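Please build the complex by placing chain L on the supplied structure of chain Z, with the hints as guidance.
Protein chains in written order, with our numbering: chain Z, 2 to 129; chain L, 1098 to 1176.
Just so you know, the hints here were simulated from the structure itself, not pulled from any lab data.
All of these numbers come straight from a predicted model, not from anything done at the bench.
Certain hints may be false.
Pairs of lysine-lysine residues, derived as DSS-like cross-links and limited to a Cα-Cα distance of at most 27 Å, are as follows [stated by the list, open to error]:
hint, chain 1, residue 1, chain 2, residue 2
1, Z, K114, L, K1143
2, Z, K129, L, K1099
3, L, K1135, L, K1101
4, L, K1101, L, K1143
5, L, K1099, L, K1143
6, Z, K121, L, K1143
7, Z, K114, Z, K17
8, Z, K121, L, K1101
9, L, K1135, L, K1099
10, L, K1101, Z, K114
One-sided and incomplete, this derived list gives chain Z residues near chain L with beta-carbon spacing under 10 Å [as the list claims (entries may be wrong)]:
hint, residue
11, L4
12, S43
13, P52
14, R75
All residues carry an ideal CB built from backbone N, CA and C; glycine is no exception.
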Amino acid sequence: MELEILITSQPLVPVKTTPEGCGAVVEFAGIVRGEEDGGAISALEYQAYQPMAEREIERLAREINVEHPCAFVRVHHRIGIVPVGETAILLQAASRHRGAAFAFASAFMDRLKQEVPIWKTRAIPVAK
Amino acid sequence: MKVKFFAHLQSAAGCEELALSASGGVTGDELWRLLEEKIPGFGRYKNSTRIARNFVYAEPDAVFHAGDEIALIPPVSGG
Chain Z
2 MELEILITSQ PLVPVKTTPE GCGAVVEFAG IVRGEEDGGA ISALEYQAYQ
52 PMAEREIERL AREINVEHPC AFVRVHHRIG IVPVGETAIL LQAASRHRGA
102 AFAFASAFMD RLKQEVPIWK TRAIPVAK
Chain L
1098 MKVKFFAHLQ SAAGCEELAL SASGGVTGDE LWRLLEEKIP GFGRYKNSTR
1148 IARNFVYAEP DAVFHAGDEI ALIPPVSGG
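This is chain Z alone, in the form it adopts within the complex (with noise of 0.2 Å):
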């Protein structure tokens, strides 16, 4: 599996991704919402222990790939003040067939939430 991790602070920008030997693409952006606990929010930050990060990212990738193979997997992680409307994480998992790509991007997702030390550290209300 061919690996890509970014962490970065600029915003993500769409990547097109056809790897060769693929027929599936699965992409997930996740989106900051307008609203966190119930209050409008304009903006969230995030923060990282990038160096583990990266390596809890690649642990994870390499791990879940034992089971749902993939040739190619793409994963970005914007931190720092994220405004409603852009991506805050982009991840992009490519295979031969859909079902190992689509299984990877949830299972990737669900073990970072849990795992990955990234933090949603403030949420930034709408100015008044």
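Structure of chain L alone, referenced to chain Z:
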């Protein structure tokens, strides 16, 4: 050893990291005792926090040594 704090633990500790002396090595329980001495009340976060050593989650019986980079990992919320 260097101990790093993240998310709400940074404001609880009042800093992003601090140095602890660990001659001979310390267990997780001893680490929390040392932190409680430096930051009274900090022990309240023990049950919800995982410890990482040198960028890897530590086993419960781990012993931490001088030179280790320790990170206290509160519940994560990425994605």
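Status of each hint after checking the structure:
| no. | hint | in the structure |
| --- | --- | --- |
| 1 | Z:K114 / L:K1143 | holds, 20 Å |
| 2 | Z:K129 / L:K1099 | violated, 42 Å |
| 3 | L:K1135 / L:K1101 | holds, 14 Å |
| 4 | L:K1101 / L:K1143 | holds, 14 Å |
| 5 | L:K1099 / L:K1143 | holds, 18 Å |
| 6 | Z:K121 / L:K1143 | holds, 20 Å |
| 7 | Z:K114 / Z:K17 | holds, 25 Å |
| 8 | Z:K121 / L:K1101 | holds, 17 Å |
| 9 | L:K1135 / L:K1099 | holds, 14 Å |
| 10 | L:K1101 / Z:K114 | holds, 21 Å |
| 11 | L4 | violated, 17 Å |
| 12 | S43 | violated, 18 Å |
| 13 | P52 | holds, 5 Å |
| 14 | R75 | violated, 15 Å |
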